[in-house]
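Colleague: Next come the chains, spelled out residue by residue.
4 protein chains.
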Amino acid sequence: MVKVGIVGGTGYTGVELLRLLALHPQVKLQVITSRADAGTRVDQMFPSLRGFVDLQFVHPDEAHLEACDLVYFATPNGIAMQQTRALLDAGVRVIDLAADFRLQDIACWEKWYGMKHACPDLVPEAVYGLPEVNREQIKQARLIANPGCYPTAVQLGLIPLLQAGVVDAANLIADAKSGVSGAGRKAEIPALFAEAGDNFKAYGVAGHRHLPEIKQGLASVAGAEVGLTFVPHLTPLIRGIHATLYGKLTRDVDLQSLFEQYYADEDFVDVMPAGSHPETRSVRGSNRCRIAVHRPQGGDTVVVLSVIDNLVKGAAGQAVQNMNIMFGFPESMALNVVPLLP
Amino acid sequence: MVKVGIVGGTGYTGVELLRLLALHPQVKLQVITSRADAGTRVDQMFPSLRGFVDLQFVHPDEAHLEACDLVYFATPNGIAMQQTRALLDAGVRVIDLAADFRLQDIACWEKWYGMKHACPDLVPEAVYGLPEVNREQIKQARLIANPGCYPTAVQLGLIPLLQAGVVDAANLIADAKSGVSGAGRKAEIPALFAEAGDNFKAYGVAGHRHLPEIKQGLASVAGAEVGLTFVPHLTPLIRGIHATLYGKLTRDVDLQSLFEQYYADEDFVDVMPAGSHPETRSVRGSNRCRIAVHRPQGGDTVVVLSVIDNLVKGAAGQAVQNMNIMFGFPESMALNVVPLLP
Amino acid sequence: MVKVGIVGGTGYTGVELLRLLALHPQVKLQVITSRADAGTRVDQMFPSLRGFVDLQFVHPDEAHLEACDLVYFATPNGIAMQQTRALLDAGVRVIDLAADFRLQDIACWEKWYGMKHACPDLVPEAVYGLPEVNREQIKQARLIANPGCYPTAVQLGLIPLLQAGVVDAANLIADAKSGVSGAGRKAEIPALFAEAGDNFKAYGVAGHRHLPEIKQGLASVAGAEVGLTFVPHLTPLIRGIHATLYGKLTRDVDLQSLFEQYYADEDFVDVMPAGSHPETRSVRGSNRCRIAVHRPQGGDTVVVLSVIDNLVKGAAGQAVQNMNIMFGFPESMALNVVPLLP
Amino acid sequence: MVKVGIVGGTGYTGVELLRLLALHPQVKLQVITSRADAGTRVDQMFPSLRGFVDLQFVHPDEAHLEACDLVYFATPNGIAMQQTRALLDAGVRVIDLAADFRLQDIACWEKWYGMKHACPDLVPEAVYGLPEVNREQIKQARLIANPGCYPTAVQLGLIPLLQAGVVDAANLIADAKSGVSGAGRKAEIPALFAEAGDNFKAYGVAGHRHLPEIKQGLASVAGAEVGLTFVPHLTPLIRGIHATLYGKLTRDVDLQSLFEQYYADEDFVDVMPAGSHPETRSVRGSNRCRIAVHRPQGGDTVVVLSVIDNLVKGAAGQAVQNMNIMFGFPESMALNVVPLLP
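Chains as they are written, first to last, in this note's numbering: chain A, 1 to 342; chain B, 1 to 342; chain C, 1 to 342; chain D, 1 to 342.
Pulled out of the complex, with its shape left as it was, chain A reads as follows (with noise of 0.2 Å):
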């Protein structure tokens, strides 16, 4: 069994994290810690987690996290990197939610994250947690680097593309949608019902924090430099991301097939039939990513759609899956749920 810690967990990836883990038969939940509500029941604030979660936030400094054998930040930015060193240097092993080991470039992290980095030493170590291209490394990492929603959905897209070399790296373009949820649990205006209900909007047009990310992950897969115009929106769902991605084909090749064969082994990505249109709820609740590829009227133009709940495939669950990577379980387990639908 493992030991289990989780370092805030009043918001939605952390009580998503308790979904899956609750049921992990391999997993001893053993601490929860929130500064602002210690010693309130776990299942007072989520109800839904009654007779599955048997514990009460503690507060951080009562949290004996050193005697996890794993920890996971379910933070906001900035909060683990102030505590991984001492976990590490514990033996412990630690997958952070939050973005503060995405980025391998420290200037560029510090500018878009406006905070000093507090252990660039660390971030080389990280490996960046997307286990459909980093699994060999997973296995054996102390740190992982939970990837951002968005960039999930947005490189499990265009990685076969970018692989095969068949578009122009130059000229991508990611229109993404996002749920509610993928705003966290932050008591913020623009988050309520009454602002997000019946209404649909862009944001970070100029520049979203996801930018430098996915570009990064991109640029790893195609040898250099891509250029990507990521256009984020809110859209009223509260779970679930649908990227549209576009991008200019330089040679002719028989999309369907490669990207089949590409996630052919993967569980967790599931390349739909040609001429499909998959739904944000056909993953509502899993770790799937769907993905379809099109090649409207026959033209040079490839348009990949990708669908991911943004709490599990893009959090969450994708933690799980590394954990799973990390200490040799099946990569499926307790992540093979049907999705709720409808």
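Errors might be hidden in some of the hints.
When chains are identical, the list treats them as one kind, so a pair holds in a single copy or across two.
Cross-link-like lysine to aspartate or glutamate pairs, in silico, DMTMM-like; alpha carbons within 25 Å at most [what the hints assert, rightly or not]:
id: 1; residue 1: K28; residue 2: E66
id: 2; residue 1: K116; residue 2: D105
id: 3; residue 1: K111; residue 2: D300
id: 4; residue 1: K116; residue 2: D89
id: 5; residue 1: K28; residue 2: E225
id: 6; residue 1: K186; residue 2: D61
id: 7; residue 1: K111; residue 2: D252
id: 8; residue 1: K139; residue 2: E62
id: 9; residue 1: K116; residue 2: D37
id: 10; residue 1: K3; residue 2: E225
id: 11; residue 1: K3; residue 2: D105
id: 12; residue 1: K3; residue 2: D61
id: 13; residue 1: K111; residue 2: E125
id: 14; residue 1: K139; residue 2: E66
id: 15; residue 1: K116; residue 2: D69
These are calculated hints, taken from the structure and not from any lab test.
Chain A is already provided as a structure; the job is to place chains B, C and D on it using the hints.
Modeller: Only chains B, C and D this time, still in chain A's reference frame:
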């Protein structure tokens, strides 16, 4: 392994049965029928099932249901009663998720459902599949009338009061709110997103088919006819029923204890702490009913709040629970899932 | 032209007042205050007002409200009572959309609102601004206590019954459902899209501030204290209240005629044909209350369905209606809009 | 007063026309037809119109449309073309809100709409009713082809760029998202609340009927055929279209000025300040199109965000705007409404 057939698997209760049964360790999904969609792969209609259900819809004439151990009817009303006798004669057990066997009073059934009953002689044998009331009879049953969604939520909320004889049984009120999936996967204008979205309304105030079903169940507990005003409402949820139940106390009683004791041994009824307000999402995707009981301002009106997922405890989940009881499996087998929140 | 000031214009009642007043032919919008957003253009915060409102928010200290003919308070509770005396002394008339002047019983107000009242001597003068009840007093009023949203929907539904003395006034039930905008434009977790969306719950069953307000209004019509159980619910609507009201008939009566006659001369109360189920969207954006009255199965329980838009007839629209009455304008001036459906 | 008839008034564009025309000071609503609902009062089907529209649906055979000055067709495709000639011959002007007269290339129309055109000789006379482009021709027109919803949002966003010749016209992308009312008030499963709610998907990637319409419009401005990839998406909104438009700049230009100048005199196109992200709700219920133009990271990709209410500027509102132009009324008559927010 129980060989299971599903008649009419293209509606919401059908796909929900598939979601639950796909991971049931003691079930072999043998056949699923659809007249209109015979030949179509199940996971083409419901991509959420890709990787979980490797069947196609079969025409009823070619289904060989008699080779099953158990057949679920997830059909419109009036279908199960046509086929049940032949199945029972062939030794197949039957769970009808529609209403054909719910009312013991045939004349009453024929009035509310507007058709002649095809096998009134089988009705007395049918066991009303509310495990919290009829567990023992369910064990032996060949034929289960799976309760309606509103009746499940309302009965579970009122039965402890009637059993204890602490409310005026002649003056009960059930103000119930349902998500739109309760209307089924049928192409009807009032269930359109642009009609039911951002909208709230009562319906069927003059009379609803679930009224006699609820009254029958309550009367059997109360030992006499009850007086009930039942007002259903349509609310812009996908899943969920919230029943707000009102009764007049006839004597002083510790309501919290009464409910806690009544449901102490029930896996799927959760009496919440005093003062709670259960949310429909706290049971989303799960077979639980959560109940809270209030006595506003210490007066003599009791208010019970009862929530279920109409497709699970209100339909497919309860049907699986009934199957588990019938076949001697642990009652929560394949039903032990954490609700999806948010 | 009436020179109008609005105090606290950044909430939903504020922007709704602006929507209605921007096209009012007899209103000159003179000033709108906001402590936090002074200096910001109104249409920057609310782009829906671009081209209609050419003002910026002004700090309260620089608002010169005493130069207005009428000031609306669209503020949290407890603000209007601080400023009303000075305005009245300066000859300005006041409509408070918050609760400061709604309860004539000061002790009761202080208990429910948890603060000391700043000007109890002004309370007796305040007219409760429900035009269908108090039209004559409103004409002369200097100070209007604009009714709460639930109280408007509930009172309009129950008053005809109490006025006619045909129900047991000691045992009324109001099961009310509100859209999320009723919680205001405040950054609070329970009102987030990912919390309130696809979810339904009761709240405040033990007691809600609108209970004493409703009881006060009903008592004044019934001529005696009434017994009322009031259960509010949060429903995933943006706008709309649906009140389902239950009473015990004490004598036989033609309910349809009773309601039609009672509201025969009212512009903003629409008694629907017998058998109707009014939808919240049928009043979306409009100042109408639609009511249907039922007597299920011919029993002695009367069920009244009453719907309003909580931001219009439940707040800003009623406030404009009150202004129209106070200043001798046609009562429906600027309120004669067709509800937005779908 | 213009005597107006509406053919096919039971869909969403029909009820929206009624909402707008009911308060138009120069319109006399003379007749509204429905084959299926003849004899039903309009406000029985749409209670939102109670008090505003005192008509019943009339069978087309008894409609005497030739006595109207103007007839709107709010019908499925293929109806208007059957009746237009007779109406024009009778001196009646026609606005078709369907697609019958939108494409000048008859073969192209017949391919995309799957039927033979009934009056190809009238097509050249039809004026494409996008006032911002064709205002002068609209003034004189007998027959207006009212633009589609997507084509309105997309063309208004791209035309300034093409007109100025600053983008590569061979490589445009329109990623468009529509609310569900765009699918019409038709009983179809994909438009059910439980299907389209909490869900997001692309559709028609292989080809959508609005593609040739958009390309025709853009080509007429660009002076040459354009290359456009158009991907529509269904989003859980009731109303609203958000088009995210991508183009490659061919030369440096002040995009903000370009758009502001292009639309300087337009009542219904609002170019928002630099850096804005227009929300669909900011035009809910109104005839405005709001546009923002971005150049992310100062690169050579221009991103235009364009939002409309698909039922107003995308259908009924634009039709009324066209009528106003045709009959010499102020262009914004009856359209000067404040969007409903929240």
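Colleague: Please write out, lowest number first, the hints stated earlier that are contradicted by the structure.
Modeller: Structure breaks hints 5, 7, 8, 9, 10, 11, 15.
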